[in-house]
Amino acid sequence: METNKNTRVVVGMSGGVDSSVTALLLKQQGYEVIGIFMKNWDDTDDEGFCTATEDYDDVVRVCNQLDIPYFAVNFEKQYWDKVFTYFLDEYKAGRTPNPDVMCNKEIKFKAFLDHALSLGADFVATGHYAQTHTVGNQVELLRGVDNNKDQTYFLNQLSSEVLEKVMFPLGKLPKKEVRRIAMEAGLVTATKKDSTGICFIGERDFKTFLSEYLPAQPGRIQTMSGEDKGQHDGLMYYTIGQRQGLGIGGPGGPWFVVGKNLVDNILYVDAGEDNPHMVSDQLVATNVNWINGQPESPLACTAKFRYRQQDSDVSVTIQSNGDVLVDYPQGERAITPGQAVVFYQGEVCLGGATIDKIFKHGEQLKYVG
Amino acid sequence: MDAIYLDHAATTPVHPAVIEAMTNALQTSFGNPSSIHSFGRESRAILDRCRRYVADKIGASEKEIYFTSGGTEADNLAIIGVALANKAKGKHIITTQIEHHAVLHAAEHLETLGFEVTYLPVNQYGQVEMRTLQESLRDDTILVSIMMVNNEVGTLQAIAELAAIIKDHQAYFHTDAVQAFGLEQINVAKLGLDLLSVSGHKINGPKGTGFLYAGKGVKFHALQHGGAQERLKRPGTESLPAIVGLTKAIELIVEDNYPHKASYENYRTVFLQVLAQEGITFQVNGAPNAYAPSILNISFPGTSVESLLMNLDLDGIAASSGSACTAGSLELSHVLIAMYGEQDPRTENAIRFSFGLANDAAQIKKAATKVSQIIKRLTKQSTIIEEVK
Numbered sequence: 001m002e003t004n005k006n007t008r009v010v011v012g013m014s015g016g017v018d019s020s021v022t023a024l025l026l027k028q029q030g031y032e033v034i035g036i037f038m039k040n041w042d043d044t045d046d047e048g049f050c051t052a053t054e055d056y057d058d059v060v061r062v063c064n065q066l067d068i069p070y071f072a073v074n075f076e077k078q079y080w081d082k083v084f085t086y087f088l089d090e091y092k093a094g095r096t097p098n099p100d101v102m103c104n105k106e107i108k109f110k111a112f113l114d115h116a117l118s119l120g121a122d123f124v125a126t127g128h129y130a131q132t133h134t135v136g137n138q139v140e141l142l143r144g145v146d147n148n149k150d151q152t153y154f155l156n157q158l159s160s161e162v163l164e165k166v167m168f169p170l171g172k173l174p175k176k177e178v179r180r181i182a183m184e185a186g187l188v189t190a191t192k193k194d195s196t197g198i199c200f201i202g203e204r205d206f207k208t209f210l211s212e213y214l215p216a217q218p219g220r221i222q223t224m225s226g227e228d229k230g231q232h233d234g235l236m237y238y239t240i241g242q243r244q245g246l247g248i249g250g251p252g253g254p255w256f257v258v259g260k261n262l263v264d265n266i267l268y269v270d271a272g273e274d275n276p277h278m279v280s281d282q283l284v285a286t287n288v289n290w291i292n293g294q295p296e297s298p299l300a301c302t303a304k305f306r307y308r309q310q311d312s313d314v315s316v317t318i319q320s321n322g323d324v325l326v327d328y329p330q331g332e333r334a335i336t337p338g339q340a341v342v343f344y345q346g347e348v349c350l351g352g353a354t355i356d357k358i359f360k361h362g363e364q365l366k367y368v369g
Numbered sequence: 001m002d003a004i005y006l007d008h009a010a011t012t013p014v015h016p017a018v019i020e021a022m023t024n025a026l027q028t029s030f031g032n033p034s035s036i037h038s039f040g041r042e043s044r045a046i047l048d049r050c051r052r053y054v055a056d057k058i059g060a061s062e063k064e065i066y067f068t069s070g071g072t073e074a075d076n077l078a079i080i081g082v083a084l085a086n087k088a089k090g091k092h093i094i095t096t097q098i099e100h101h102a103v104l105h106a107a108e109h110l111e112t113l114g115f116e117v118t119y120l121p122v123n124q125y126g127q128v129e130m131r132t133l134q135e136s137l138r139d140d141t142i143l144v145s146i147m148m149v150n151n152e153v154g155t156l157q158a159i160a161e162l163a164a165i166i167k168d169h170q171a172y173f174h175t176d177a178v179q180a181f182g183l184e185q186i187n188v189a190k191l192g193l194d195l196l197s198v199s200g201h202k203i204n205g206p207k208g209t210g211f212l213y214a215g216k217g218v219k220f221h222a223l224q225h226g227g228a229q230e231r232l233k234r235p236g237t238e239s240l241p242a243i244v245g246l247t248k249a250i251e252l253i254v255e256d257n258y259p260h261k262a263s264y265e266n267y268r269t270v271f272l273q274v275l276a277q278e279g280i281t282f283q284v285n286g287a288p289n290a291y292a293p294s295i296l297n298i299s300f301p302g303t304s305v306e307s308l309l310m311n312l313d314l315d316g317i318a319a320s321s322g323s324a325c326t327a328g329s330l331e332l333s334h335v336l337i338a339m340y341g342e343q344d345p346r347t348e349n350a351i352r353f354s355f356g357l358a359n360d361a362a363q364i365k366k367a368a369t370k371v372s373q374i375i376k377r378l379t380k381q382s383t384i385i386e387e388v389k
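Residue numbers (the UniProt record's numbering), protein chains in the order written: chain C, 1 to 369; chain Y, 1 to 389.
A few of these clues could be false.
Said to hold, decoys possible - The list that follows gives simulated cross-link-like pairs (lysine to aspartate or glutamate, EDC-like), each with its CA atoms no further than 16 Å apart:
1) Y:K91 with Y:D139
2) C:K77 with Y:D56
3) Y:K89 with Y:E116
4) Y:K376 with Y:E278
5) Y:K370 with Y:E331
6) C:K207 with C:D233
7) Y:K366 with Y:E331
8) C:K77 with Y:E331
9) Y:K380 with C:D114
The set of hints was computed from the structure by calculation and includes no laboratory data.
Here the structure is a predicted model, which means the values were calculated and not measured.
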């Protein structure tokens, strides 16, 4: 406790229960805690209402309860340039981006970290459900103990060097315990609803939001055997494996999105949950990050292809250009280009990459083309 | 760590003599000044004395002083009140691009009601030039509102000369004197003012009080309705303790013959000297020959406002910036933009230090030394980041 008092920790506070408890725990451990709210997006409406203003107000109230200083910092420009531009570019390319992964890489653990360091911080802390573990001169990223909440999937692009400066006080706690701590301490955010979905879209309709930034080009829906199934609203609105919202009735269903043809603006669908067109056994991923350095190739490990999925056994072969070839002969359903594939060995998150191309029996699937 | 308060333009500590006067009023004179019994009369007598004192010290008459809840209300009452009462004579209003939001947003509100507003530009020193006012004046202009001292950069306007331009015009002249009041004597007749706004908490008085001077014959409407207080222009039971506090704050300045200007001038010199000695690169924003010495606005190239203010606060220095930063929305200062244009980096790295009763010369020296250390640390850091890139 006494030794912690000279350690300055800047907590990234969102106005939610997780980051509130993060600040509380650090304060209890005797650190010099400073709360900082990041404003990354402006959604001020005609009435002057802005989600960020409301959230910041909660940050202020919690920080006053904890008797810690608080500030707000604006990263709208950085967020637009590094995260939102990428987000739109990926949709334009017919892929399904993961802005949270990019936000962690470019904003929370880069722009925000730099800012905190300029305030003389020794560490930054966030309310992520993840853990760090120091081995020699390396800091490993471990899954949060609450398996259901583990957020290492979104942190796969961080480096050991960055993790050295990071604390995840919630990593050892189950979510229920976090709520309980917040209740017990009487934090004003104790019962606040968890945010869901993409932060800058919030509760709004995804299609409407996207259509404000990208022109929608309606086109035809086809089965893999070439049968016309009606009209789609624009390829960017659909993701591989999607079942809802296709507007296809009649016999033979249920129908699933199994591919996109960007050149001819065709959305491919096919029937059945276990539709073979949705199943792949190999992928190529780019933008590869190894948190603790590149491992021996080929590497036998487990992987997640999406958040909250069970791990799958995979074999990773590192290509000469650094990209990875990931094999999973057991087959996986609805793997989606643009999403992250994240590698684990036991509890350790090794890193991750962006899914680029998908194959079955050596033949590239028509997910995007 | 004892924090050093350099944000007197935001608000000031209440003078102990003001607290004493207010406490006394709270304890002894609770009567409603409008009541016709002895309790009411006692309060009314105090209220009248306060009004007479304030009027006398600005060269006005008692019936020209309207107590308000502060500077914002005085500005709104002047601008919207005058506009609504005089729209038959015209619907054109002139103000400047560098006014406080209490004036600017009131003017913008009038635009939604069908009034036309000209926002005068300023030069790089933040001064309104005579000819721009002359050129903007129209037959249907009913009000000109130009602040005396700018709250962000401290620039002092040539109010008497500006007011003289419209001397024979139908338009009224209003000045927001919130930052100017108390530094030197203000005489409304000599300056040629029709309306003047003053706030209590900027001069070591209590928050929630201020006054509007409106010369005899100035037509303006009340903005709220109720009783007959303040000659129907500002209904609502008077906050007598606050008015007593405001009057006491004015008395402290006047009876001591406006003592603060010289010491603030000294603080300003010391502050800038330390920065220069420490080898800091900086630019003073404002007018070199016409300024209120209480406000010192400085740009530090290679830094950002957000980072500076947080670092200053963590190191025990309370300052501020003209850029509003609420919930992380960084709105650049409209004053600096008016002076330098939107692209000038000075709009992004300007800090306002404002001096007052909470300071002494030793503190100022200490604060300037700390500021220098922070600037050195931050600029060194950003140089390293640049090099790495």
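Verification of the hints:
no., hint, in the structure
1, Y:K91 with Y:D139, "holds, 10 Å"
2, C:K77 with Y:D56, "violated, 53 Å"
3, Y:K89 with Y:E116, "holds, 13 Å"
4, Y:K376 with Y:E278, "holds, 9 Å"
5, Y:K370 with Y:E331, "violated, 27 Å"
6, C:K207 with C:D233, "holds, 9 Å"
7, Y:K366 with Y:E331, "violated, 30 Å"
8, C:K77 with Y:E331, "holds, 13 Å"
9, Y:K380 with C:D114, "holds, 14 Å"
When each numbered hint is compared with the structure, violations occur for hints 2, 5, 7.
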